[in-house]
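So the chains spell out like this:
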Amino acid sequence: MSSFIETRHLTLDYGGENGERPIRALSDVSLSIKEGEYIAILGHNGSGKSTLAKLLDLILFPTAGEIEIDGKVVTPEGLSDDEIFEIRRKIGMVFQNPDNQLVATVVEEDVAFGPENLGLPREEIRARIDAALDTVGMREYARHAPHKLSGGQKQRVAIAGVIAMMPKCIIFDESTAMLDPRGRREVTDTMEKLNRENGMTILHITHYMEEAARADRVIVISDGKILMDGAPREVFSRVEPLVACGLEAPQGTELLYELSLCGCSLPSGRITVSECADTLEELLSGKRG
Amino acid sequence: MISDITLGQYFPGTSPIHRLDPRFKIILTILFMVALFSARNIFVYAALALFTVLLVLASRISLRVVLRGIRPLLFILIFTLILHVLMSTRTDGRLLLDWKWLTVYDMDFYRAGVMVLRIVLLVVGTSVLLSYTTTPISLTDAIESLLKPLAAIRVPVHEFAMMMTIALRFIPTMLEETEKIMNAQKARGADLSSGNPFKRIKALIPVLIPLIVSAFQRALDLATAMECRCYRGSKGRTKLVKLKSTPADAVALLLFAAVLAGVYLGNAYIPIGIRVG
Amino acid sequence: MIKLELKDVTHVYGARTPFEKTALRSVNIGFESGLVTGLIGHTGSGKSTLVQMLNGLIRPTKGTVLLDGKDIWEKPKEIRSVRFRVGLVMQYPEYQLFDETVGKDIGFALRNKGCDPETVKEKVSRAAECVGLSPALLSKSPFDLSGGQRRRVAIAGVLVMEPEVLVLDEPAAGLDPRGRAEILGYLRRYGESNGATVILVSHSMEDMAQYCDRVVVMRDGEIYASGTTEEIFSDSDRLIRAGMDVPEVMKIALELKQRGYPLDGKLYTVEGVRDAILRALGKGGNR
Numbered sequence: 001m002s003s004f005i006e007t008r009h010l011t012l013d014y015g016g017e018n019g020e021r022p023i024r025a026l027s028d029v030s031l032s033i034k035e036g037e038y039i040a041i042l043g044h045n046g047s048g049k050s051t052l053a054k055l056l057d058l059i060l061f062p063t064a065g066e067i068e069i070d071g072k073v074v075t076p077e078g079l080s081d082d083e084i085f086e087i088r089r090k091i092g093m094v095f096q097n098p099d100n101q102l103v104a105t106v107v108e109e110d111v112a113f114g115p116e117n118l119g120l121p122r123e124e125i126r127a128r129i130d131a132a133l134d135t136v137g138m139r140e141y142a143r144h145a146p147h148k149l150s151g152g153q154k155q156r157v158a159i160a161g162v163i164a165m166m167p168k169c170i171i172f173d174e175s176t177a178m179l180d181p182r183g184r185r186e187v188t189d190t191m192e193k194l195n196r197e198n199g200m201t202i203l204h205i206t207h208y209m210e211e212a213a214r215a216d217r218v219i220v221i222s223d224g225k226i227l228m229d230g231a232p233r234e235v236f237s238r239v240e241p242l243v244a245c246g247l248e249a250p251q252g253t254e255l256l257y258e259l260s261l262c263g264c265s266l267p268s269g270r271i272t273v274s275e276c277a278d279t280l281e282e283l284l285s286g287k288r289g
Numbered sequence: 001m002i003s004d005i006t007l008g009q010y011f012p013g014t015s016p017i018h019r020l021d022p023r024f025k026i027i028l029t030i031l032f033m034v035a036l037f038s039a040r041n042i043f044v045y046a047a048l049a050l051f052t053v054l055l056v057l058a059s060r061i062s063l064r065v066v067l068r069g070i071r072p073l074l075f076i077l078i079f080t081l082i083l084h085v086l087m088s089t090r091t092d093g094r095l096l097l098d099w100k101w102l103t104v105y106d107m108d109f110y111r112a113g114v115m116v117l118r119i120v121l122l123v124v125g126t127s128v129l130l131s132y133t134t135t136p137i138s139l140t141d142a143i144e145s146l147l148k149p150l151a152a153i154r155v156p157v158h159e160f161a162m163m164m165t166i167a168l169r170f171i172p173t174m175l176e177e178t179e180k181i182m183n184a185q186k187a188r189g190a191d192l193s194s195g196n197p198f199k200r201i202k203a204l205i206p207v208l209i210p211l212i213v214s215a216f217q218r219a220l221d222l223a224t225a226m227e228c229r230c231y232r233g234s235k236g237r238t239k240l241v242k243l244k245s246t247p248a249d250a251v252a253l254l255l256f257a258a259v260l261a262g263v264y265l266g267n268a269y270i271p272i273g274i275r276v277g
Numbered sequence: 001m002i003k004l005e006l007k008d009v010t011h012v013y014g015a016r017t018p019f020e021k022t023a024l025r026s027v028n029i030g031f032e033s034g035l036v037t038g039l040i041g042h043t044g045s046g047k048s049t050l051v052q053m054l055n056g057l058i059r060p061t062k063g064t065v066l067l068d069g070k071d072i073w074e075k076p077k078e079i080r081s082v083r084f085r086v087g088l089v090m091q092y093p094e095y096q097l098f099d100e101t102v103g104k105d106i107g108f109a110l111r112n113k114g115c116d117p118e119t120v121k122e123k124v125s126r127a128a129e130c131v132g133l134s135p136a137l138l139s140k141s142p143f144d145l146s147g148g149q150r151r152r153v154a155i156a157g158v159l160v161m162e163p164e165v166l167v168l169d170e171p172a173a174g175l176d177p178r179g180r181a182e183i184l185g186y187l188r189r190y191g192e193s194n195g196a197t198v199i200l201v202s203h204s205m206e207d208m209a210q211y212c213d214r215v216v217v218m219r220d221g222e223i224y225a226s227g228t229t230e231e232i233f234s235d236s237d238r239l240i241r242a243g244m245d246v247p248e249v250m251k252i253a254l255e256l257k258q259r260g261y262p263l264d265g266k267l268y269t270v271e272g273v274r275d276a277i278l279r280a281l282g283k284g285g286n287r
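Protein chains in written order, with the numbering used here: chain G, 1 to 289; chain Z, 1 to 277; chain D, 1 to 287.
Quick caveat, the hints were computed from the structure, so don't treat them as lab data. Each hint should be verified, as a subset may be incorrect.
Claimed, not checked - Calculated lysine to any residue pairs in the SDA-like style (CA-CA distance at most 20 Å, straight line): (1) D:75 / Z:192; (2) G:193 / G:166; (3) Z:180 / D:58; (4) Z:239 / G:123; (5) Z:180 / D:262; (6) G:90 / Z:223.
Just so it is clear, the structure is predicted and the values come from calculations on it, not from any experiment.
From just these sequences and the hints, can you work out the full model?
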């Protein structure tokens, strides 16, 4: 399958006006994302991961390099308003602060906002609202006021607002960072469902390892560059570079790593609880060591 | 908690007044206000007062709630009363008091009383017709729909309505935020509740600055989020909610028109009673 | 010794209105002097209400709050003096910054207390050092800093009072792993070097396991469990019943125990499980 999003030598500088030296947020990023992939983008605060998201949804335009989205090439020259509109209906964004992305005072009217902007007929909008709220499990809250909902519920409403536009891809820009564990689980469960059942391309920007472990592919960004790109078990078994760029490995992986430092010979690439327990059982029962 | 203060004090319900088309309700309110300010006769006022009570009954909102709504106005009402009695330059009726530049006639009391009644009826009538029985959002939709003809002469009607919607959406959020920031500064020993008025205003700076900074941040975030959801003003935009009027709206309109006509007839043909205004 | 204590505390929001809600129900809890106590519970468990009671931001509907054995509400007019002794850092505290410079903002509490400029200056630089802010930043505007730096400024703005009790509501929320570890490390060190009582609200069981001496679990406005970190984590069933997550490394240890491998020790941290496995292998507890 050909790629849905492809970036070629993507570079972005901030600032640089008034003779100041610009700050390079992204440098020479080339990657390719296929339709239907579930990708986690990991990086510490200020690593450039959110900048990448802003470039993909055309909130920013590259300083150098280009992005190809579904056949349309975005260059530093920018695009016309109509071209931007066409790309944005294919790529939806869910942001970090659940309070700052809901527009309406009633849940279903907020979900309607995107479809209304697309100029869809009323019956179609109605059908899409109901389907979208069903998908995120918020149908019973259709007539509620957003400010009375929990953080996780607000984010699910925001997701419904995006899926009602029927994009091919959704980018979650640290959408779980401000939530409690329950809210985070609600949102990541929804992401997984959208990917597995609706075949939607998911890009999840986060710094929570256990969330990233649920994706099919993990991209680690540090200082504006791609540091690692691979399946979660490949990426997470490289504990040292992860720690060096301000991240951490899941606890199980860290435990195996610590034990191997103490002289136990253990395989790498174990990340889930049961995988780690299996490996340690072999060690304890004397099959290894 | 501060965020539980309901804005516009909407009381959910399904009374005949709740069910009226909000566009009609705005028109009805205007008719009601015109009637109120046209009345020139104490009997006409009495009839309007009766009509207002009927409105309250039809809205099925308890009289206690309605009276509580007047309470904050008490000061203004008393002030109006005193002002009208003392400051009136009319010299009709019986002279009750004549002291230096101050003259008080008994008619002054009638006029002041009518003025107070007018304010009370105005507040009760508009709250029952609009704020108590209409959600802020449908009110916004109604205003947008009523003003739509103005869009032809480039009045930004849609943008105005969108601004109102967003303001309504964010008022509870900002109230919550205010409470949070006040608590944070109190935790750092800020004294927000004592001292003279000047000191108190100065003490609010540590609350206001973070509040304004965060409002700007929210505005930026929201603008980005709206653009990402393909918002580009009213261009090519459809709407989910379509306001629908029913025969009941027409009946209500006729009723209010009849009341207004009654007021004019009453002004002209009721010879007895005291003319005011 | 108990430093701060809630006795039979009940709190009801919006009493006698349709919005009436009981946030805390007959809560009895004491916080040990000089220790780090973790407070954990789901959103809506009453944590935030309890936290705001500790420095007198909320007055309990019923019951008493005792600081060094004295009722903090004895003289309601003097409640402000309690707030200088019990420092509270709220959630996302970076939103409270307002002053022209970082230094002035950190010194806000001391100016409220009426300290002279010399003392303010000295204590501000000490507080900034406590959270690893370089002195060069003190003359900058707080609005020019990064999110992580603003968080530290806000925390320094409370540490500057040198409170005997330091209460923090999710001080590391939204930070990446390194930022998290740094902030929590600074706070633990503040407690140790000042002999202060630290109360840490967190959603993260991993943080509780790593940074706290004692743990209090809240549920539906009541204290569900409290004890030393070891006691709390040794009864993992009780935690799971309360809908709490146990640290991942603990799940692995429990799984191994279930499969018949005897492990003992602090099975709730990576180091603890590592040492337990090494002991089981007969390699001793150390590298």
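Hints and how they fare:
A hinted pair counts as satisfied when its Cα atoms are at most 20 Å apart, and residue 75 of chain D with residue 192 of chain Z qualifies at roughly 18 Å. A C-alpha spacing of about 15 Å is found between residue 193 of chain G and residue 166 of chain G, which places the hinted pair at or below 20 Å, so the restraint holds. For the suggested pair residue 180 of chain Z and residue 58 of chain D, the alpha carbons sit about 12 Å apart, so the restraint of at most 20 Å is met. Taking the CA atoms of residue 239 of chain Z and residue 123 of chain G, the gap is near 10 Å; set against the 20 Å cutoff, the hint holds.
At roughly 49 Å between alpha-carbon atoms, residue 180 of chain Z and residue 262 of chain D are farther apart than 20 Å, so this suggested pair is violated. For the given pair, residue 90 of chain G sits about 19 Å from residue 223 of chain Z by alpha-carbon distance, which is consistent with the 20 Å threshold.
Of the numbered hints stated above, the single one contradicted by the structure is hint 5.
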